[in-house]
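Novice: In order, the protein sequence lines correspond to chains A and B. For the first sequence, position 234 (counting from the first letter as 1) is numbered 234 according to our numbering, and the numbering increases by one without interruption. To get our numbering, take the position in the second sequence, counting from 1, and add 302.
No wet-lab data here; the hints were simulated from the structure. Be careful, since some hints might not be right.
Straight-line distance between alpha carbons at most 27 Å, and here's what the computed DSSO-like set of lysine-lysine pairs gives [claimed, not checked]:
1. Lys326/B <-> Lys3/A
2. Lys3/A <-> Lys386/B
3. Lys482/B <-> Lys3/A
4. Lys386/B <-> Lys435/B
This one's a predicted model, so the numbers in the text were calculated from it and none came from an experiment.
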Amino acid sequence: MSKINEEMLFRGITGVDAALIEESDSPMEPGRVLRPQFKKLIAVAAAAVFAVTLGITAVATGLIDLSKIVGVGFGNSIAEDAFQRPGAVEVNETKELGDYTVTLVGLVSGKDLSTLWSENGLKDGHTYGLLSIERKDGAFIELEKELGIEYRLCWPLISGYDPVAVNGASFGISAEMRQIEKDQNGVYLLFDTQDLELFADHTVYLACYKQMDPALADPHIDTTDYTFVMNEDGSISFRDTFREPHVMFELPLDKSKADPERAEALLQSLASIPGSSVRMLYHPEEYGRDPDDPLHCPICDK
Amino acid sequence: MEDEKIIELFWAREESAIAETEVKYGAYCLRIAMNLLSSGEDARECVNDAFLRLWEMIPPQRPDKLKPLLGKLVRSASIDLWRKNHAQKRYAGMDESLEELAESIPSRQDTQRELEDRELSGIISRWLAALPKQERKLFLRRYWHGLSLGELAEESRISPKKLAQIMYRLRISLKNQLEKEGHEL
C-alpha cells in the first residue's frame, strides 16, 4: 500500500477532470429543508407532471432529486446516494393509513449498489425503497409505539405466491428509520429487501399496515394469514376481516428486468434456510396447507 | 475575448495573450489563490506564476478551455508557494539544504510525481463522478475552489454544523476509496 500525504492529495484533487471543475464553478443551489405542506405539494406536483408527460401513473425512471423533497439536510447519505443513481424509480405516491399518510418516494434495485457506501450495508442485487410517513395532525410520530416495529410496517408481497410463504420476513426486509428535522414530524424509512425486480413479471406489492396490538396477538400463530389473502387470480389483498388501518402499493418495476429463472433460484435458496416460510411453497403439507388448495387458510377457520 | 482567440495569441507569441487572459480570468485566478493562501501578495504572485506557466505551455499545447487549466495552474503555484514558505519558516538549516539537494534530482522524481498525481487524480475523479451532484459540488467548492466552510454554508444554506458532517463523511468516503485502490493516507 503506497503512502500519500496531504500535499499529494492536494495535487490529486487539483488534477481532477476539467468537466467536474466546470460543473463546480457556479455557486451551489441552496438546499432547503421544506415544511411538510410544501413537501407534499412537490410530491403531488411531481407525480402529476410524470403522469401527464409519460401517460402513466406516478412512474418515472431516472434520478431522484431528494434535495427537492427533503433538502440536502436529510442526513441519510445511504438514501441520497442510492436514489440519485441512474435507474432509481421515482414513485411519489401518497396513501392514507388511518391517522397517517404514507408516501412511497422511490425505489432502486440491482447491480453496483455496494460500490457506494458499502460500509453502510448497501448490497448488490437488492431492492431499496424510501418511504415517508407523517401524522395527518402534524404531531410527532413515535413510530414503533403508534404503528408497530418499523420492519414490519411495510413489506413486499408478490402476486401468485402465498403471502404466508413469500413476504417481508422471508425476503429479509430490514428498515432503517430516520426522523427528519424537528420542525417537521415525518419519519423516513429506508427498506432493504431481496431483489424484487426479478419478479417484475408479477404484480409486486408493498403492503403497509398498523400491526395488531402484540398483547392481543397469539405469538404462536403467524398473523400474516389473518392479514392477507391470495385471490383466485393470484392477486393479493388485505382480508376483509383485517380491521387495522392498511394500504397497498403496487411497485412500478421494470417488467423487462424480470428473470423467472433467477427468481426461482432465489426462492429455492431461501427455502433451504431453516425456518424459512418459503419452504411452504414446496412442501405445503408440512404447514397444514392443502396442496390442492394452497389459498385456504387453516388457522382462519379456528 | 473568446478562449480560442486568446490561445491563438499565445501561439503567435503575442504578449497581449497574458493581458487578455488577465482581463478574462484574473479575478477568478486571484479568488482561488486567495482562498488557499489568505494573503493578497502571495495570491498575486501565484496568479502571475500561473500566467507564466501558461505562456510556457502554449505552444506546444492547445487546450480546449483556459479556465480549468488556469485553475489547476493557480492551485499548483499555490501549493508550491505554500511549501516554500512553510519550509522557510519551519525547516531552516539542514532541512533547507536537503530540500535544495532534493531539487537537484530532477526529471525522474518529477516524472514519478506526475505519474502519481495523475493516478490519484484519476481515482478522485472517478470517486467524484459517482457522488450525487450536490455532494460533488460541495466537495469541489471546498477543496478545489478553496471556499471556507462558512462561505460554503452561506452559499448552500446548509448549517455549518451539518456541512461539517457532510464534509467529514465525504473525506471518510474518499479515504475508503483510496484505500480500496491501494493507497494509504
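Novice: Give a verdict on every hint.
Specialist: Okay, the hints, checked on the actual structure:
1. Lys326/B <-> Lys3/A: Since the Cα atoms of Lys326/B and Lys3/A sit roughly 39 Å apart, the hinted pair is violated (cutoff 27 Å).
2. Lys3/A <-> Lys386/B: 22 Å, holds
3. Lys482/B <-> Lys3/A: 13 Å, holds
4. Lys386/B <-> Lys435/B: 35 Å, violated
Going down the numbered hints, you'll see the structure goes against 1, 4, while the others check out.
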